[in-house]
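Number of protein chains: 2
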Amino acid sequence: MKLSDGVEAAIHCASALASLPENAVMSASDLAEAFGVSPSYLLKHLKTMVAKGLLTSVSGPLGGYRLAKSPSEITFLDIVLAVDGSEPAFRCKEIRRNGPCPLDSSAYPKPCGIKIAMLKAEQKYRGALAEITIAAVTEDHLATSDPRVLKRGETYLAERARYQPQ
Amino acid sequence: MKLSDGVEAAIHCASALASLPENAVMSASDLAEAFGVSPSYLLKHLKTMVAKGLLTSVSGPLGGYRLAKSPSEITFLDIVLAVDGSEPAFRCKEIRRNGPCPLDSSAYPKPCGIKIAMLKAEQKYRGALAEITIAAVTEDHLATSDPRVLKRGETYLAERARYQPQ
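In order, the protein sequence lines correspond to chains S and V. What the first sequence shows, in my numbering, is residues 703 to 868, in sequence order. What the second sequence shows, in my numbering, is residues 703 to 868, in sequence order.
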């Protein structure tokens, strides 16, 4: 089982955008440069996050991306489902119905217990991801990171943030 | 994110083996037939489960597979980790260290907060999978399935179980 590499980049980008001043945006290429990932690869995920209502895209020469809502309203689960898809990791193929002497579907009025148990466990994962917000992880980063890391981030944001005309 | 299709087959096989009499085994080809999956595909997973101490393989003309321990001691997590691998679904590539003006590793004395949060959520998933045993899912199957399904399973096991010489 593996989450898309895009999840790490998408969460880092959302956290970086959470640090921007309210009327500022950052371009996809600057975000890609900040985390050393391919711009075309990142763009795909940024566009998906826009489509899912997590980011807003502003077009034009001063365009870029910003969070579409408060960082306290964007959870890790929102980003994982946007980037990695919402289908469960466990996909039941109903193999219990295969084999010799097949029975018709009336013999299976209840869902497979294995499927139910697997999906319940996955709900715990999703529940835990839903409890972590971009606000919390960004605050934690600001409170616990080495001053050199914070300075580097501040400098980068100050250089690359694009301010929208008021 | 997707679990290997082998997880469904492996759990169903473990549950079927949990229903065998104590000195009986079932062959890989019979298990594959019972669930309509490819024998070579299933064999790979059965061998992995043997290597992980979940199943025992008995060789010879009356050979086959049986559980290596009590079904109450085999959890869904054991099977997921055996079949799908134990690496976390979230694989941190430390992209926080990328980008312009890189800092040396002394600037990152603490693990990335995003990685920590993602892995904590994954631990909830693993914890939930560790709470489900093959015994519980097999008992639930026996207690709640349609009589036609139970009869079909019993007939299949009675026909295909191989008894080891005492």
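Do not take every clue at face value.
Each pair may be met inside one copy or between any two copies, as identical chains are not told apart.
Pairs of lysine-lysine residues, derived as DSS-like cross-links and limited to a Cα-Cα distance of at most 27 Å, are as follows [as the list claims (entries may be wrong)]:
id: 1; residue 1: K754; residue 2: K812
id: 2; residue 1: K817; residue 2: K746
id: 3; residue 1: K749; residue 2: K812
id: 4; residue 1: K754; residue 2: K853
id: 5; residue 1: K704; residue 2: K812
id: 6; residue 1: K771; residue 2: K817
id: 7; residue 1: K853; residue 2: K704
id: 8; residue 1: K795; residue 2: K746
id: 9; residue 1: K704; residue 2: K817
id: 10; residue 1: K771; residue 2: K822
id: 11; residue 1: K812; residue 2: K746
id: 12; residue 1: K795; residue 2: K812
id: 13; residue 1: K795; residue 2: K853
id: 14; residue 1: K749; residue 2: K795
id: 15; residue 1: K853; residue 2: K826
id: 16; residue 1: K817; residue 2: K749
id: 17; residue 1: K754; residue 2: K826
id: 18; residue 1: K853; residue 2: K817
id: 19; residue 1: K826; residue 2: K704
id: 20; residue 1: K822; residue 2: K812
id: 21; residue 1: K822; residue 2: K795
id: 22; residue 1: K795; residue 2: K817
Just so you know, these hints were derived from the structure itself, not from any lab.
Hints, verified against the model:
1. K754 / K812: neither (33 Å within a copy, 32 Å between copies)
2. K817 / K746: between (32 Å within a copy, 22 Å between copies)
3. K749 / K812: Classified as neither: same-chain Cα gap 39 Å, cross-chain 31 Å, threshold 27 Å.
4. K754 / K853: neither (32 Å within a copy, 48 Å between copies)
5. K704 / K812: between (30 Å within a copy, 24 Å between copies)
6. K771 / K817: Cα proximity of K771 and K817: across copies only (23 Å, versus 35 Å in one copy).
7. K853 / K704: neither (33 Å within a copy, 39 Å between copies)
8. K795 / K746: between (30 Å within a copy, 19 Å between copies)
9. K704 / K817: Both ways: K704 and K817 sit 20 Å apart in one copy and 14 Å across, limit 27 Å.
10. K771 / K822: between (29 Å within a copy, 25 Å between copies)
11. K812 / K746: neither (40 Å within a copy, 30 Å between copies)
12. K795 / K812: Within one copy only: 15 Å inside, 42 Å across.
13. K795 / K853: between (51 Å within a copy, 22 Å between copies)
14. K749 / K795: between (32 Å within a copy, 22 Å between copies)
15. K853 / K826: For K853 and K826, the Cα distance exceeds 27 Å both inside one copy (37 Å) and across copies (34 Å).
16. K817 / K749: between (33 Å within a copy, 23 Å between copies)
17. K754 / K826: This pair counts as both: shortest intra-copy Cα distance 22 Å, inter-copy 26 Å.
18. K853 / K817: So K853 and K817 pass the 27 Å test across copies only (21 Å; inside, 49 Å).
19. K826 / K704: The answer is both: 17 Å in one copy and 16 Å across copies each meet 27 Å.
20. K822 / K812: For K822 and K812, the Cα distance is within 27 Å only inside one copy (16 Å; across copies 33 Å).
21. K822 / K795: For K822 and K795, the Cα distance is within 27 Å only inside one copy (17 Å; across copies 29 Å).
22. K795 / K817: Result: close within a single copy only, 9 Å intra versus 32 Å inter.
Comparing the model with each earlier hint shows violations of hints 1, 3, 4, 7, 11 and 15; every other hint is respected.
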